[in-house]
Amino acid sequence: MAIKKFAFIIRSLPYKTEASRLAMTHAIASQSVEIYLEDGDNVEPVVCFIGDGVFNCLKNQQAMKHYGITSLEQHIKNSLLLDLNIMICKEDIDRFGITEDSLIMDAEDIGGETNARIVPYSEIAKIMESVDHLQFF
Amino acid sequence: MGKLTIGCFSSLVGSLSLDFAVKLSEVAVKKGHKVDLWVSGNATMLSKKGQRAFKDYSSLQKTLKELLETGSFQMTACEACAEARGYHKEDTMEGCKRFSMDWYLASCFSADRVLLIGGD
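Here the protein sequences line up with chains A and B, keeping their order. The first sequence runs 1 to 137 under my numbering. The second sequence runs 1 to 120 under my numbering.
If you're looking for bench data, these hints aren't it; they were derived computationally from the structure. Misleading hints may appear alongside valid ones.
Sample of chain B residues facing chain A (criterion: CB under 7 Å; computed from the structure) [stated by the list, open to error]:
#1 84
#2 86
#3 87
#4 101
#5 102
#6 105
#7 109
#8 114
#9 116
Below, computed lysine-lysine pairings styled on DSSO-like, alpha-carbon distance capped at 30 Å [to be verified]:
#10 A:5 - B:62
#11 B:3 - B:89
#12 B:3 - B:23
#13 A:5 - B:49
#14 B:30 - B:62
#15 B:49 - B:23
#16 B:3 - B:65
#17 A:16 - B:34
#18 A:4 - B:23
#19 B:55 - A:59
#20 A:90 - B:23
#21 B:97 - A:5
#22 A:16 - A:65
#23 A:5 - B:65
#24 A:4 - A:65
#25 B:34 - A:5
#26 A:16 - B:31
#27 A:16 - B:3
#28 B:3 - B:55
#29 A:16 - A:90
#30 A:126 - B:49
#31 A:16 - B:89
#32 A:4 - B:62
#33 A:16 - A:126
#34 B:49 - B:34
#35 A:4 - B:49
#36 B:97 - A:4
#37 B:23 - B:48
Note that the coordinates shown come from a computational prediction; the quantities given were computed from them, not determined experimentally. Just so it is clear, CB atoms sit at the ideal spot from N, CA and C, and this is done for glycine as well.
Using the sequences provided together with the hints, build the complete structure.
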């Protein structure tokens with residue numbers, strides 16, 4: 001019986017490539033991974049947005065309107081609804097002049113109870129050191 | 001020996017990241033390790049049958065066939081990523097599997113090392 005921690009580090013811009021979307025969908029897939037594992041084994045994902053990746057966390061994305069696809073905002077909210085641990089790098093949002101009120105910090109509108117957290121990079125670095133597997137998108 | 005899980009999202013032919021991933025798999029298998037190669041996003045096309053080799057483009061079909069025959073190598077494509085690209089089950093290269101993304105996480109769970117290679 002084991003729980004393995006996976007970190008999904010997102011540093012890609014939203015929509016320019018598929019990378020951040022794939023990171024989110026793979027992280028969300030942790031919700032059904034048990035069907036392939038032994039009883040008691042599971043995966044615990046953590047999603048961290050760093051560098052350009054923090055732009056994925058902006059509110060009021062209009063991907064459905066402009067591209068006819070689900071937005072990264074919806075994926076982030078779904079992740080919060082599923083109680084995934086989501087962290088946003090404070091130094092990077094400061095660098096881009098992004099304020100907390102312009103970021104997706106919760107999923108209350110769809111019944112989520114977990115919030116995203118803005119944390120210093122040092123905290124994300126600790127996560128990267130502590131997880132079993134680390135993947136950059 | 002160990003188990004290596006490699007995730008790849010890079011496009012076939014347009015990027016050499018898949019070539020690197022396959023070559024790395026080849027070396028690992030030769031050393032006695034087991035390798036799971038997960039192809040998602042644009043990389044799903046690596047597992048599509050009927051690719052034609054041109055001298056101007058890299059061709060990985062022969063190497064993949066040999067790797068699959070070793071029994072120490074698995075290649076699995078993301079089913080949703082493939083379907084979104086009009087690549088259906090009947091188009092899958094012999095020996096390759098198609099599953100949803102949770103399969104990849106389960107492979108990572110039991111891997112000694114996980115590598116995510118390449119972007120677009």
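| said: Could you work out which of the previously given hints the structure breaks and list their numbers from low to high? | reply: Of the numbered hints given earlier, those the structure breaks are 1, 2, 3, 10, 13, 17, 19, 20, 23, 24, 26, 27, 28, 30, 32, 35, listed in rising order.
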